[in-house]
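Residues per chain, in single letters:
Number of protein chains: 2
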Amino acid sequence: MAVNESTRTAAAARVERLREATAGAGLDAFVVTADESIAYLTGFRPLQLERLFAVVVRADGGGAVVVPKLDAGQVAEAPDSLARVSYDASSDGIPELAELLDGAARVGVEEDHIVFARSAALTSRGHELAPGGGVIFELRARKDEGEIEAVRRACGLLEAAYALVWDVLRPGMSERELNGRVASFLRDGGATDSHPVILFGENAANPHADPTDRVLREGDVVCADISACLDGYWGDLTRCATVGPPSDWVLEVWALVRDAQAASIAACVPGTPARDVETAERVILETRPDLGEVLHGAGHAIGLAIHEPPFLVPRSGMPLAHGMIFTIEPGLYRAGLGGIRLEDDVVVRDGAPEILSTLPLDLVEISL
Amino acid sequence: MAVNESTRTAAAARVERLREATAGAGLDAFVVTADESIAYLTGFRPLQLERLFAVVVRADGGGAVVVPKLDAGQVAEAPDSLARVSYDASSDGIPELAELLDGAARVGVEEDHIVFARSAALTSRGHELAPGGGVIFELRARKDEGEIEAVRRACGLLEAAYALVWDVLRPGMSERELNGRVASFLRDGGATDSHPVILFGENAANPHADPTDRVLREGDVVCADISACLDGYWGDLTRCATVGPPSDWVLEVWALVRDAQAASIAACVPGTPARDVETAERVILETRPDLGEVLHGAGHAIGLAIHEPPFLVPRSGMPLAHGMIFTIEPGLYRAGLGGIRLEDDVVVRDGAPEILSTLPLDLVEISL
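Chains S and Y, in that order, give the protein sequences.
Counting from 161, one number per residue, gives the positions in the first sequence under the numbering used here.
Counting from 161, one number per residue, gives the positions in the second sequence under the numbering used here.
Isolated chain S (complex conformation) (with noise of 0.2 Å):
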């Protein structure tokens, strides 16, 4: 992440915002330690190893980011508020940690990040732990315009690459091939991390499939996922396409995949739950079980992290609100004959939703 006057101010700002609700969820204290959520208050994204690294924020004021002292140059830029912690090699960093929270009875972690050897260590010392991640997904959740802008640039890579893929994509090529292509082309253009995942034919109707030496063959159909991370925030587009012209399945699955996309972008505005927008696909997805099968939700929120809450699946009720951005990817996939989904980042708007990116939709066709 770029670090300059504007970034350092928001962290400060963000470093009191989870200061007031640490106090406002009745802890002494919060202990963050997701890289991207150490990366939202410090502009420091760490190189997260074995060792350990964390920002503790206190109710009561005060606050520090400790780090090992092999990067204990990579802090300078952080909010003045922060204290720079940093220990040796003779130590795992719990220590110092508890030192920071002296006196906290009840202290806040991130449930989905911190390791049960941290956790139990802290329990040990008499700190009560509370699962905390939703007070600093809430904080994380509602991107300023700063962010969103970041993640569009991010879409706008995104979209050169989609020209690439398009514009060398041809029988006899292979997955590795062309997916490598992609990620030199995003690292070339700025991209600190990317995960090109395109795949043809009946590896296809697998979406976490990764990318094998299967070539590119008439028939296939090409499912396109490509994300990227630029300055820090990440985007993440789906488009497919057919080598040669389309046969019946996917012009029918294509067309039910744009018209649930079209429903759960619709319904990302503010106060809907997370789930109603998992709903809206899903019930066109499932007019048509002969056409394929729905394999996963409707998508996720996009930042500093490639998949980070809320999540668009059943089991969250998270109100949707202003400054929220989603993939919304409905996909249907069918095992021998590959799979369709089509995807974009949305932001939640008080007005409309907008699209962060201008890239057709259109089912491409290579030409054989």
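In short, the hints are calculated from the structure, not lab data.
Treat the hints with caution; some may be incorrect.
If chains are identical, the list can't say which one is meant, so a pair holds when it fits in one copy or spans any two.
Pairs of lysine to any residue, SDA-like flavour, derived with a Cα cap of 20 Å [what the hints assert, rightly or not]:
id	residue 1	residue 2
1	Lys229	Asp248
2	Lys229	Arg418
3	Lys229	Pro239
4	Lys229	Glu256
5	Lys229	Asp195
Chain S is already provided as a structure; the job is to place chain Y on it using the hints.
Just chain Y now, with coordinates in the frame of chain S:
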């Protein structure tokens, strides 16, 4: 990871060894959640985002691999001793996991992987969780010959990357451009992931800095750390260079680091406590505090993960054993000037330790 019959046979044997170790540790069951541990036991390396993936092995027989429905197609090659359990988007996978643990009082977990939300959910269902990372790392740490050859192949790819680096690197090229070219080269060579961290001049004083637009200049030191994952296994090497003739500081630091590395490699014999490998290099590096600072331990085990236990740090008394593979990577760093690190991957043998690359340590001189 390429799956074939020998991989499948190896995975099936590992599941049985884990079952024996689980019983031996007085546990009723083990829940494996780390990506690489799942790969070790099933040949399938998950794409873990928010969804639960796990392998359950029960001391009393039986076990399963638990995956989101979306990924059910990926575990076809897992050992037959593991049932396939998948869950759809209406579940978070915990009920399915709990059913597999029915009646198991003491359950081992990977304490450095399983997150608080999941450990708390299992605890609230009456299971007593025990930190069991040591149980599975005891298995994973002792690599078989197939695994050793896989790390050797990854190192071979890195050696080719160094040839590229020293061939193309000239004053005026930026860190970003060079690291991008290396990542492309590694991917084209089959790497599924890589972390080139090649830093110039004063940037090399921070061993974990990210590549920037800093361009190479006369008089710079270059610290080139390159790692890549090939067929599921990582290699990780570091070599150094100067632009034009090396300064006296570089020559002195390089010779000291080389001696430190030789001492640590010589200490890599069965029975040596991990901390003694670190001491072997540190006592040499610390003879010259005027030259720079020691910022990290001696290294870490490497295999399915780029960093895995045992770690060669002062707090680890773990005895080295035949088949363990470690990075040995002493370094000395001086703010404003740069850093020198030399890194090889070394397998502990009942005889002498074996270095898994053939790349000379030589300080390279880049012509102006």
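Hint check results:
1. Lys229 with Asp248: within (5 Å within a copy, 43 Å between copies)
2. Lys229 with Arg418: neither (51 Å within a copy, 23 Å between copies)
3. Lys229 with Pro239: within (19 Å within a copy, 43 Å between copies)
4. Lys229 with Glu256: Within one copy, since 12 Å is at most 20 Å while 41 Å is not.
5. Lys229 with Asp195: within (17 Å within a copy, 27 Å between copies)
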